[in-house]
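J.: In case you want the letters, here they are:
Number of protein chains: 2
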Amino acid sequence: MELKTKGNLATFFEARNVAVIGSFKEEWSGGYGVIKNLLNFRFSGHIYPVNPYYSEVLGMPVYPTINHVADSIDLVIVITPSQVVPTVIEQCAQKGIKAAIIVSDGFAETNREGAKLQQHVMNIARNAGLRIIGPNTIGITNTANCLVTTPYFTGYNKIQRGSVAYASQTGIVGAQALPLEDYGYPISKICDFGNKCDVNEIDLLEYLAVDPETRVIAMHLEDIKDSRQFIDIARRIVVDKPVLILKPGRSQAAAKAVASHTGSLAGTDQIYDSAFTQAGIVRLNTWQEFLDIPKVFASQPLPTGNRLAIVTVSGAAGIMAIDAAMENGLVIAQLSSATIDRLAKISPRLVSNPVDIGQVAPFISDFPQALESVIATVLADDSVDCAIIVLWAALAADALDTSDAFRRLKQQGSKPMAIWIYGPKLSAKEELTRQLEALGLPTYLNLETAAKALGIAASYAKFKSRLEQ
Amino acid sequence: MELKTKGNLATFFEARNVAVIGSFKEEWSGGYGVIKNLLNFRFSGHIYPVNPYYSEVLGMPVYPTINHVADSIDLVIVITPSQVVPTVIEQCAQKGIKAAIIVSDGFAETNREGAKLQQHVMNIARNAGLRIIGPNTIGITNTANCLVTTPYFTGYNKIQRGSVAYASQTGIVGAQALPLEDYGYPISKICDFGNKCDVNEIDLLEYLAVDPETRVIAMHLEDIKDSRQFIDIARRIVVDKPVLILKPGRSQAAAKAVASHTGSLAGTDQIYDSAFTQAGIVRLNTWQEFLDIPKVFASQPLPTGNRLAIVTVSGAAGIMAIDAAMENGLVIAQLSSATIDRLAKISPRLVSNPVDIGQVAPFISDFPQALESVIATVLADDSVDCAIIVLWAALAADALDTSDAFRRLKQQGSKPMAIWIYGPKLSAKEELTRQLEALGLPTYLNLETAAKALGIAASYAKFKSRLEQ
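Chains as they are written, first to last, in the numbering used here: chain A, 14 to 482; chain B, 14 to 482.
Rather than coming from a laboratory, the hints here were simulated on the basis of the structure.
Wrong hints could be hidden among the right ones.
Just so you know, same-sequence chains aren't split out, so a pair can sit in one copy or run between any two.
[To be verified] DSBU-like, lysine-lysine: derived pairs with alpha carbons at most 30 Å apart:
1) Lys269 with Lys238
2) Lys423 with Lys254
3) Lys129 with Lys38
4) Lys423 with Lys38
5) Lys358 with Lys438
6) Lys129 with Lys477
7) Lys358 with Lys129
8) Lys38 with Lys438
9) Lys254 with Lys358
10) Lys358 with Lys238
11) Lys129 with Lys423
With the hints as constraints, model all of the structure from the sequences given.
T.: What follows is the structure in structure tokens.
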């Protein structure tokens, strides 16, 4: 099976003419919310609101039915009561529309009647060649054309365009659930499959494989529809783009809950584990990892090995970083004598890896400059492949000096870094985090995730180079 | 060996007359910083600044030497250049002072000369029965009398008085390193042993054992001076107060780094592991756990078993919580039919544990009220011992309604809860976190730490009840 050149979800993500069918009462839960988000997010295409009971919404004319829209429609977003959905989809099919996102809930996730209704909608759509995402979904986000399809108000104003694609079968992957804006996460696409009545993880994988915006794919999957096919496709994608999967259900109790939640068998966990490993798919274990680890691939080079340098303002954190590194497949780099000589010129106390710059801080007049020299020196060492940097942030105002140093390091650098910041003030930590993330430097809530991110990057790089040989 | 009734560190923590010897130049790194912190923190005792080159600091008279102070001194804080410390300690000994915190660095942590200097100071002190914390330390904090001994400016204004004691051999345990104020951590005592030339973890354990303010003891220890004695004492303390130890050096590489860092053998890691388990000491693995887990013991009852209820606004998070719970020794409670009947009255879709209240949120007018009823209902079930609550925070302004509900739950409740909050806005998450922490409800950065905290609480409760039988 060949990967399609454009993927079959292009109609969804790259839609130019978008119809929104639902209530336009001024509240977040309906079509009004979707249109407001499209406007706020500055969607680059045309919006066609559809509802027989309204004439205007947010300054736009409302069409009584989809048939009243003269232009062709690429994508329709349906957010009506579930009972109305079959009629709406029927009308969309008649107009020849090929893509619909059914945001509405009240389908298979509720009860048997809901499941029947979903099947009925699906039959109408299939006969017409109309593809559906959902129902019971927040839909999709595309930062390239500023398309959003969710009615949630918070989180959808200024998501940063970048190279991480996120997907899930629940809304917990959306910007209303994740601090994407606050941390400037570099997002290419987001997709919530919802009940997965039609479009599923395989379709999305095929699309993301050829999406030039996406460099790393992260999926939260409670179940996988056709795991053999999924793994087959993923296996070919990972040569170009890392695929990271958060698959809950490690415990039997959770697997059972998944079965009752999604109505599908979650599968034996160990089978997934070994299939993922063979295919080069990275398995993530926690929500925090899902949020934090993909970005290590977003705007940094891959490490060419697993030899880690640790530059730290705390000796204690340096030792904790060693434990975390060793437990994530990294080794502690042996610095060359030339590097140690260079470090000694910055301070005679800097003698080994971890490089504890905190102990010499009181004797240094320009700390950001010294930090920059130390990091540049260790990264220039041929025996170093990547680095963990431990910073202390106490004042938000100090963030600029530090991030200036990292801007220069990032420009020079061809080796990846992961950063952990500790300190007394959340505000200071967050300001520095924002500035470093804006530079494309991944900054972590905890030291262990920083180590795991670099460990995963090193092991992916090794996997990839083996495939390329 | 009997535990001392008052512990031998009372002179340090409960000092009333405190001398500060160091530079009073207006900067954070000297005696000026220490005195400013004592004033800001509203130390309840008397402060005696000592320095021959100043006559006044922050409105207080400065004494040329410690001998010029007519009053008796309980504790002296030394923050002079290291070369001057022997003379200063000699004078303190002559005055009959029994406790000194040597904040100054430049001792055993630097080189052999520094180690000799430290030994020299120690000899003077030992002959005079003068006990020393440090050198190379931020010293101690006592929230009961508002004593602080660090020159760091940030973090020491309003640490909340509570029942968690923190200790470490580095400054990373202090309020300049941890967001104690921002999260309102409930602190009783903090101690940084520094180079541990005299006072060490055994002395502190003996003191904290009988400190009425302390209900839980958390220590970060890179090495343990006399591990047999330490474990003997801890074994007797854990009957009353949980003892949690973050001991890095799990990997050989880290153990080696510890050895060169502290000059002592870190010991074989597995030996510690089993000795800790036998003694009922909880071992923590990460800095985040060290910061987040002790508070589960601070102001909540112990669970009487390990049966967990999960109340969640996200079905996906509910399933992840099951995995995390099972991996931390908890089991998923089977709700009674009476409980399920009561839940069904709130919404017919609430049928099992995890209780997914998010799916019914759109149909509920007063969400905080419904959340409160659901949590109260599951906690009242005899088959439930503890609960994880997953909340969504989008607007800081909404925090009050939610925390009002939790205030009532906390008042009624005799079962512990751990809370995880997700959402699009860090500001909203932090506001709700602050409010819930102020109620004595532990709130976590990630779901897995919440599960681990309850798992540790349940296993400690079991350990304790076995001992009491």
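J.: Determine for every hint whether it applies to the structure shown.
T.: A quick look at each hint next to the structure:
When the C-alpha separation of Lys269 and Lys238 is checked against a cutoff of 30 Å, the pair qualifies only within one copy, where the shortest distance is 16 Å, while the shortest distance between copies is 48 Å. In this homomeric assembly, Lys423 and Lys254 come within 30 Å of each other (Cα to Cα) only inside a single copy, at 22 Å, whereas the closest approach across copies is 48 Å. In the homo-oligomer, the alpha carbons of Lys129 and Lys38 lie at most 30 Å apart inside one protomer (29 Å), although the nearest pairing across protomers, at 79 Å, exceeds that limit. When the C-alpha separation of Lys423 and Lys38 is checked against a cutoff of 30 Å, the pair qualifies neither within a copy, at 48 Å, nor between copies, at 38 Å.
Proximity of Lys358 and Lys438 under a CA criterion of 30 Å is satisfied in neither setting, with 33 Å inside one chain copy and 44 Å between copies. In this homomeric assembly, Lys129 and Lys477 never come within 30 Å of each other (Cα to Cα): the closest approach is 45 Å inside a single copy and 53 Å across copies. In this homomeric assembly, Lys358 and Lys129 come within 30 Å of each other (Cα to Cα) only across copies, at 26 Å, whereas the closest approach inside a single copy is 74 Å. In the homo-oligomer, the alpha carbons of Lys38 and Lys438 lie at most 30 Å apart only across protomers (25 Å), although the nearest pairing inside one protomer, at 42 Å, exceeds that limit.
Proximity of Lys254 to Lys358 under the C-alpha cut-off of 30 Å is found in neither arrangement, the shortest distances being 41 Å within a copy and 49 Å between copies. Taking CA atoms no more than 30 Å apart as the test, Lys358 paired with Lys238 passes in neither setting, with 59 Å inside one copy and 35 Å between copies. For the homomeric pair Lys129 and Lys423, neither the shortest alpha-carbon distance inside one copy (55 Å) nor that between copies (43 Å) is at most 30 Å.
The structure fails to meet hints 4, 5, 6, 9, 10, 11 from the earlier list, while all remaining hints are met.
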